[in-house]
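**Q** Chain residues, written in single-letter form:
2 protein chains.
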Amino acid sequence: MKSFLEPESVVLVGVSRRTGPGAYNNLEMLRRFGWEGRAYVVNPSGAEILGERTWRNVEDLPETPELAVISVGREAVPGALAACLQKGTRRAIVISQGFADADERGRALQRELASMANRAGARLLGPNTMGVFNAFAAFSTAFLDLPRPARPFGLSLAAQSGVFQVGPAQFIGPLGKVLDVGNMADVDFVDAIACFEADVETEVIALYMETAARGPELLRAIERASRRKPVVVLKSGRSAAGARAAVSHTGSLAGEDAAFDAAFERAGAVRVRSIPELRSACRGLLAWNPPLAGPRIGVFTATGAAGILAADACADQELTLAPFPEPLGRALASPKMDWYRLQNPADVWPLMMGSGDFVGFFRRTVEHFAADEQVDGMLGIMVCMDSPLHADQDLLAAARAASEANPARKPVALWLYGSGAERLSKAINEARIPGTACFPDPDAALAALRASLLCRDRSRRPPEPAPSPAEPKATLPPGSLVMGPRAERFVEAYGVRVAPSALCTTEADAVEAAERIGFPVVMKIVSDDWAHKSDRGGVEADLRDAAAVRAAFGRLEAAFRRHTPEARLDGILVQRREAGVELLVGFRRDPQFGPVVVLGAGGIHTETLRDAVREIAPVGIERATAMIDRLRIAPLLGGARGRPPADRATIARTVAAVSTLALAHPEVAEIDLNPVMAGPDGCTAVDVRIVRGERSA
Amino acid sequence: MKSFLEPESVVLVGVSRRTGPGAYNNLEMLRRFGWEGRAYVVNPSGAEILGERTWRNVEDLPETPELAVISVGREAVPGALAACLQKGTRRAIVISQGFADADERGRALQRELASMANRAGARLLGPNTMGVFNAFAAFSTAFLDLPRPARPFGLSLAAQSGVFQVGPAQFIGPLGKVLDVGNMADVDFVDAIACFEADVETEVIALYMETAARGPELLRAIERASRRKPVVVLKSGRSAAGARAAVSHTGSLAGEDAAFDAAFERAGAVRVRSIPELRSACRGLLAWNPPLAGPRIGVFTATGAAGILAADACADQELTLAPFPEPLGRALASPKMDWYRLQNPADVWPLMMGSGDFVGFFRRTVEHFAADEQVDGMLGIMVCMDSPLHADQDLLAAARAASEANPARKPVALWLYGSGAERLSKAINEARIPGTACFPDPDAALAALRASLLCRDRSRRPPEPAPSPAEPKATLPPGSLVMGPRAERFVEAYGVRVAPSALCTTEADAVEAAERIGFPVVMKIVSDDWAHKSDRGGVEADLRDAAAVRAAFGRLEAAFRRHTPEARLDGILVQRREAGVELLVGFRRDPQFGPVVVLGAGGIHTETLRDAVREIAPVGIERATAMIDRLRIAPLLGGARGRPPADRATIARTVAAVSTLALAHPEVAEIDLNPVMAGPDGCTAVDVRIVRGERSA
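Listed in order, the protein sequences are those of chains A and B.
So the numbering used here is basically just the index in the first sequence, starting at one, shifted up by 3.
So the numbering used here is basically just the index in the second sequence, starting at one, shifted up by 3.
It should be emphasised that the hints constitute simulated quantities derived from the structure, not laboratory data.
Just so you know, even glycine gets a beta-carbon here, dropped at the ideal spot from N, CA and C.
Be aware that one or more of the hints could be misleading.
Claimed, not checked - Calculated lysine to aspartate or glutamate pairs in the DMTMM-like style (CA-CA distance at most 20 Å, straight line): (1) A/LYS339 - B/ASP106; (2) A/LYS232 - A/GLU220; (3) A/LYS339 - B/GLU107; (4) A/LYS339 - B/ASP548; (5) B/LYS429 - A/GLU425.
Claimed, not checked - Across the chosen pairs, the derived CB separations fall in these ranges: (6) B/PRO326 - A/PRO437: 46 to 54 Å; (7) B/THR628 - A/GLU495: 46 to 54 Å; (8) B/ALA477 - A/ARG333: 53 to 61 Å; (9) B/THR323 - A/ARG613: 17 to 25 Å; (10) A/GLU268 - B/SER6: 56 to 64 Å; (11) A/ASP545 - B/GLY557: 24 to 32 Å; (12) A/ARG110 - B/GLY357: 18 to 26 Å; (13) B/GLY482 - A/ARG613: 36 to 44 Å; (14) B/ALA197 - A/ASP389: 30 to 38 Å; (15) B/PRO437 - A/ALA85: 51 to 59 Å; (16) B/ALA197 - A/PRO330: 45 to 53 Å.
Kindly produce the complete structure, drawing on both the sequences and the hints.
**A** Dropping the structure here:
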């Protein structure tokens, strides 16, 4: 990948003869960016461009360029690539659009490019890409005039877009390197992450993703990288509308959003949801090393109002206000204001204003917060006016002094306000004061602290055991949708307990079965045509004696004939009525990440609560147990309102069994156990649905 | 209030002799702000300050100043105020701290100030305030050197803080006027809102609130104002930690946050939750007149990635992507890229770059989106580089041309990126191009569009009927906590249906009652000491015959004696078992806003779901019906999963009955009907708890 990011020499194929305003000439942009390496320009006219000699053909070049950058019309790209490969070049960037991002012809062309590169043992970045950006090596393939930072930050991005290097300040923050993977005909996120993991100039890895490819490899790459460096991901297409836009933008399908959530968390990346969150997280992750070690924040402020707003934002980010360090109170106390009490958030302004020592006051505040073992990090909110009358408010000096008084480098986030705030925030961030970062609002500051804490936790998680291949213990019955007793026997083979039942075809059978199983029972229509039984009167609940069973049998048969006169009735299921909290246990096979195991609130509350947690398989007992605690309805399982607590161990075993089944049966697309009744004596599935094949819900 | 915001003359009491850096001299700041009116300075030394004459005493002044600004130590404030009142001044701002924001002594001093002003027929702003800021009249009482905008915007703020005028760009945006109400000893939000409602220079009213006072008057003031001008509120202290900080900051109690939500919505204000949301909303509300008329947004972008992110942000804000206007597709099509398809979000860059006409292309895009009747507003995401090579990207000219091509002034939000983005965003916003506003990210842009739509809806809501005083229909039984049959009879007087029941003291009574009521029944312990019955085995459910009732009676008596041997058992309640969806209906009397009526998920899901909607009383049938639809569990009431739908009319009547009861009985602090069983034949309360007095949950 180094040949992409800092080539010795490059050939530009498809450079316009026009230069200057509105020409988008990428040779011109490369030179303005500061690159001083050898650039060969291929142009059929052979005329000079910007005073540089051009060549009519790649084969005429005096050497083999390490990298080719191709930006001709889509039909001309295969020919241009062939010429470069012929010349011996083994790295190519295809800037041009109109491939898998466009239509069938484009998809065919893209397959051709990938195949050509592959046969030649070459690597291809794109098509439909802005290419690379490397502020360290002063190399950029953009057709826009990008400013180059004099001292780049160690923030490296892999993205399905080139817009981040065009507007770094608006999209992400101070970028050092970018690989725009475009349509990912060859080079993709897996390659880019491995590259940045190994790169010594990269401190923080960011990903902008619209679609994923090579799911398992992607997760392994993130897994490895996130133990060494923070990995932050912005995955777009969260909303249905967003997902639609993604399909046409990148020419491949967007995965289900929840699967991405589960996958990123499992792999150790921190997912952000928006541009402001991405900017905040990157700023903090670059500045804070060591990262935030716990959730307890000390807040000091020049305005009480912002302290209250910061406390709100703290709670929003699941951070807490640290206990106020009493030594700080003593250090700042003023005899003239003996009625004034500091707490956390600490409104230090009235004391600071009277002290006549802005810088020293600021330093002492950070010093005492940082020295307190109950404080993990700080948020400082300070006024900063561009006026000679406020020359004492020297925030740059104050931040430097405070950093020296904080030898453990506990993270300090700053939010400045006032007429000098923008200028000083930029200056402090550019100054790279250890442990210090400025943010545009308290919400951004606390979101960054939260991201830092998450990255720390994920870098320290125990290593995952390698998933052991699961052996099938049963054969999936035929049919695209498997329900009823056949489905029940199948899941029982994996240790799932199912409510005792019998499939009956006569009223007498049903009564006999109910007496054998024990009252009360429920009865349900079993037919492939009745997937959603309860909506049409296909379930009779709480039948307490033989007479009730007989009456129910008649009603169910009548409902079946009325609603589906043509359908085949397999029978009426008589099943023991189970008590407990209704859960849902199941999985859905995601096209990118494989089985996504789900535990949630079940029964009639499945849709209204949407209380579900997801994990990528394999899910063992320990992980399954943790899933229980993440449910909103967890208190119900703990024995709320006088009920005995549910048996957590068997819930966890049921979740783990579904995971094992998912890995052993690639032919199963989805399983729903819903409801699973969780009570003190274990949990029991009362309805089982299995979807065969590649379909997803 | 005009005397506060633009006085003819002002006396400053407590100006320091020090001037220059670090002196925080408010005479110096007033002059630098540009005020040219008459300012008298009172200083005991009698020395000149900044070359201006000073007076030793207020009584020596040659005229009666219209306004006094007092910033002496707290113990000296009453004397200073007395001198000003004596001189005939009838408006005073007390900047000083250490009053209700501090301690008991401070509270006493504050009461004294309020009483002095009241006796003199004067008005007092503060104490603990930065005072006023009026960019139109070049008047500011800040002790900081604030820049004054040359052409102020019509954004007026009433706040319990002065920090907004110190850092407008960071906190809120381009402020025109501010009243910092401080501790609200006299002038409060009600006065400030009325002032801004009437003020011709005010276009948008913003409130920053930590605590409320005079709740009903406040809501009426917002009600009136929000029909004429957008009213946006940032209420802090949302989190428990935030609420704690609020108590000490302002010296008065924070109301329950949910009551504020209900109150602001009822009154017609739009509540924002954070500083970034406040900035976004104010920017949009200032720019867009008419406001956004519907949720359908057209998005055009110079980068596909941002289009997908904007679609996500659209969904987050409950806005939708408008259908793509086909005439726009024809207007922008390029024969050279016949494979390129536009949709919404419209990635126009590939066509725009080739067109050579950035400004015209931008204009045509807005023109066609705006002309489509299915488009309510637009978000444009555009690149903007500070480089002579991109001089064609003249966004200021483009935005002007687009505004002229959008005669209906449908709202246009812009997000610019690239090296010129910050400069151009500021320039476009300062240029006040009709219907056009720039934002720092797509989330901010869409949050602003959402706020505009909400403000429009609220300005058009039908007038509220005046609440009719409710006459009591029953007498509240004695006791601080009323439960059981006495509570049931009380709520029945207001039309609440309660499950048939009987309070029994012997086993034989219980069996007889159950047979009269009809099986199945439930039985419950009734005792003032057993408020949370089910946690201790105080409820027996689903008793189906006399033997079951007898056995249950014994178990309940034993449980009562075991847990509370000393307590008095009123009896055992035998009650019909009701079926249906479990709801909670009740109210809590908020100290600021009166009865807050609640409808929510009830029973065991009350706490886990936290699915509740709140309205300030009075709540009539129409409003109560709308509350049902806002519940997350609403689909269950509509008849999900084969159940018959619940009777919405009786749910609404029950909610309205609770509202009537709340207004008729100020001695009731709280009522919980939980659960209320809602079925097809109406809804029935099965447990009633009434709390007397001012206590709140």
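**Q** Decide, hint by hint, whether the structure agrees.
**A** To see whether the hints hold, each was checked on the structure:
A hinted pair counts as satisfied when its Cα atoms are at most 20 Å apart, and A/LYS339 with B/ASP106 qualifies at roughly 15 Å. Proposed proximity of A/LYS232 and A/GLU220 is supported: the alpha carbons are some 18 Å apart, at most 20 Å. With a C-alpha separation of about 17 Å, the suggested pairing of A/LYS339 with B/GLU107 holds against the 20 Å cut-off. For the hint pairing A/LYS339 with B/ASP548, the CA-to-CA distance comes to about 78 Å; that exceeds 20 Å, so the pair is violated.
Of the supplied pair hints, the one linking B/LYS429 and A/GLU425 holds, its CA atoms being roughly 13 Å apart against a limit of 20 Å. For the pair B/PRO326 and A/PRO437, the beta carbons lie near 53 Å from each other, so the given range of 46 to 54 Å is met. Look at B/THR628 against A/GLU495: about 48 Å separates their beta carbons, and that is inside 46 to 54 Å. Here the CB-CB span from B/ALA477 to A/ARG333 is close to 59 Å, well matched to the stated 53 to 61 Å.
In this structure, B/THR323 and A/ARG613 meet the distance hint of 17 to 25 Å, their C-beta atoms being roughly 21 Å apart. Hint check: A/GLU268 to B/SER6, Cβ distance near 59 Å, so the stated range 56 to 64 Å holds. For the hinted restraint 24 to 32 Å between A/ASP545 and B/GLY557, the CB-CB distance of approximately 25 Å keeps it satisfied. With their beta carbons about 22 Å apart, A/ARG110 and B/GLY357 fall inside the hinted range of 18 to 26 Å.
For the pair B/GLY482 and A/ARG613, the supplied restraint of 36 to 44 Å holds, since their beta-carbon distance comes to about 41 Å. For the pair B/ALA197 and A/ASP389, the supplied restraint of 30 to 38 Å holds, since their beta-carbon distance comes to about 35 Å. Roughly 54 Å separates the CB atoms of B/PRO437 and A/ALA85, a value that falls within the hinted 51 to 59 Å. The given range of 45 to 53 Å is respected by B/ALA197 and A/PRO330, whose C-beta atoms sit roughly 48 Å from each other.
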